[in-house]
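There are 2 protein chains.
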Amino acid sequence: MESGNMRILLQFPEGLKRYALDYAAKLEADGNEVFISASPCYGACDLCLDEARHIRADKIIHYGHYPFIKKVLDIEVEYVPFYIDISPAVIEKLLSFVKDKGFRSISLNATVQHMHQFKDIVKRLEELQVKVVYKEGHLAAEPGHLLGCEDGSHFQEGVDAIITIADGLFHATAISKVPSVPVYVFNPYDGKATLINDIIKKRLRKRRAALAAAIEAETIAILVSTKPGQFSLSFALNTKKKLASFGKKTVLLVANELSPESVGNFQGIDVFINTACPRLADDHDRFGKPVLGMDLVGELFEQLSAMAPK
Amino acid sequence: MESGNMRILLQFPEGLKRYALDYAAKLEADGNEVFISASPCYGACDLCLDEARHIRADKIIHYGHYPFIKKVLDIEVEYVPFYIDISPAVIEKLLSFVKDKGFRSISLNATVQHMHQFKDIVKRLEELQVKVVYKEGHLAAEPGHLLGCEDGSHFQEGVDAIITIADGLFHATAISKVPSVPVYVFNPYDGKATLINDIIKKRLRKRRAALAAAIEAETIAILVSTKPGQFSLSFALNTKKKLASFGKKTVLLVANELSPESVGNFQGIDVFINTACPRLADDHDRFGKPVLGMDLVGELFEQLSAMAPK
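Those protein sequence lines, which keep their order, are chains D and V.
Start counting at 1 in the first sequence, then tack on 880, and there's your number in the numbering used here.
Start counting at 1 in the second sequence, then tack on 880, and there's your number in the numbering used here.
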């Protein structure tokens, strides 16, 4: 892929790290000097810019995700998708599933690894007279592509079902309201479909509980991540200022990786407000404290306003 | 401590994070804007410069360690020690221990938290006619101060015993050879002394085993940390070049935090060579692979040279 004398930093999400050494050897054989990022990587938002800066890399190659960070970077970044084929047998299972359920119209989406087969699958479904809709999420690279941080607002209602092709339930449960239609995750390896409406419901209940806890909280820690696609400094500073005006004690915690382990050593925190990856809020249990997402901060302020002495 | 309108980033090692919110509140009351680093911090070498750069902090205040990073930084750094008193009763226990053992001369050292009482303790021992020697390690801030990365080359031999005042055995076991005299860790909380010569011996045996494994290894990963006081890029690059000349496959892994978790997802690595914190090599078991320290890399090359066809 590269020929020349570049210093290249490779970055792989956890599931692709097992292939990393082969990619490095190939690029090295082409005459490049190659480093691999050994930090955890959770998404396209999570670019290893700090490491690139330290080793003075000419370029980052980020595998397994579509381009995401749109602002101009001080270093060249090449996003290289990594596709995993869904077998013909499993595609047949998907078609049978839709047919057997009697769905005449569905909203379809898939994670990045399967987007190369997305249009073929749509075509096969349409041949069965199933109407397939797929819109582009506000963070997605193309229609039908689902990220783990999408709120599902692009999912079409007025269909018989929403189906996500994804390995694991993580991506599809990001949805920020429970649709009126069944939501299925279709596993591209074993061809099994899982109905997740109850899981979404439970997750949203937990998020509402974090809101209630934040209203009552004495001390609120605001989490700021330095990951390039998650950095929300102004939002964090404004949130702190506003919380102070409601008499809350606040503290700003900043890190690249906001782990329950390092955050857990602080004492005197009642609730976290998370300005980083929206999915951190789902790690509620691991953080040992309620974690309020950015999406509910507006509502928090409304409720605190309503309660404030006039 | 600060009055003014600075944006200050506070950093605490894990054991002091519990006090962080109080320090932040105090500095905020003085009119500063305060952030706290929520990354793990393992030492004075582990300055949160990346986070400071991201939030455009005017200053870092790093608690719990003596000044360490000597090169000019692009941001003001204030190191603030954090002292923990050893009770008079426990000091008496130390004196009794030395007396009861019949030691007439000792090499004494202590971790940073107890350095404010170090000279008093020396004086008390000298009043008992015990000769106390304490030299300055090459990384230490003052004579008698022991860091977890010191190799113990400043420990005086020709005494009856070496005694380290430290909570836990971590710091004292950094020593890179087993002294001919007994080495004790004296716990400043319960006043108990632990003989650690066998622990040091075991640790050094493990390090020698890593050397043997590196000689046999097909693929060696070189670990590079971007932590400001641990960054050894040139050493890593030179090591890679030299290993290649001996026919080894090599790969450079770079991260701020080199955790066994993220490094564990790579495949095809036989041995790690660690150019970061020397104590990573002691995490051998957690890494699941032998970890060779920088101190043994020279010996590795000598042995590979000796084995190479003439």
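Careful, some of the hints might be misleading.
Note: identical chains are not told apart, hence a pair may lie in one copy or across any two.
Okay, derived cross-link-like pairs now, DSS-like style, lysine-lysine, Cα gap no bigger than 30 Å in a straight line [to be verified]:
id	residue 1	residue 2
1	K1081	K979
2	K906	K1015
3	K906	K1169
4	K1086	K1011
5	K906	K1121
6	K1015	K1086
7	K1190	K1015
8	K1122	K906
9	K1122	K1072
10	K1129	K979
11	K1128	K950
12	K1121	K1011
13	K906	K1129
14	K1057	K939
Calculated directly from the structure, the hints in this document are not laboratory data.
Now the hints, each set against the structure:
| no. | hint | verdict |
| --- | --- | --- |
| 1 | K1081 <-> K979 | within (27 Å within a copy, 69 Å between copies) |
| 2 | K906 <-> K1015 | neither (37 Å within a copy, 50 Å between copies) |
| 3 | K906 <-> K1169 | between (45 Å within a copy, 24 Å between copies) |
| 4 | K1086 <-> K1011 | neither (34 Å within a copy, 64 Å between copies) |
| 5 | K906 <-> K1121 | between (51 Å within a copy, 17 Å between copies) |
| 6 | K1015 <-> K1086 | within (28 Å within a copy, 57 Å between copies) |
| 7 | K1190 <-> K1015 | neither (45 Å within a copy, 67 Å between copies) |
| 8 | K1122 <-> K906 | between (52 Å within a copy, 20 Å between copies) |
| 9 | K1122 <-> K1072 | neither (47 Å within a copy, 51 Å between copies) |
| 10 | K1129 <-> K979 | neither (56 Å within a copy, 52 Å between copies) |
| 11 | K1128 <-> K950 | neither (35 Å within a copy, 40 Å between copies) |
| 12 | K1121 <-> K1011 | neither (49 Å within a copy, 59 Å between copies) |
| 13 | K906 <-> K1129 | between (53 Å within a copy, 12 Å between copies) |
| 14 | K1057 <-> K939 | neither (39 Å within a copy, 43 Å between copies) |
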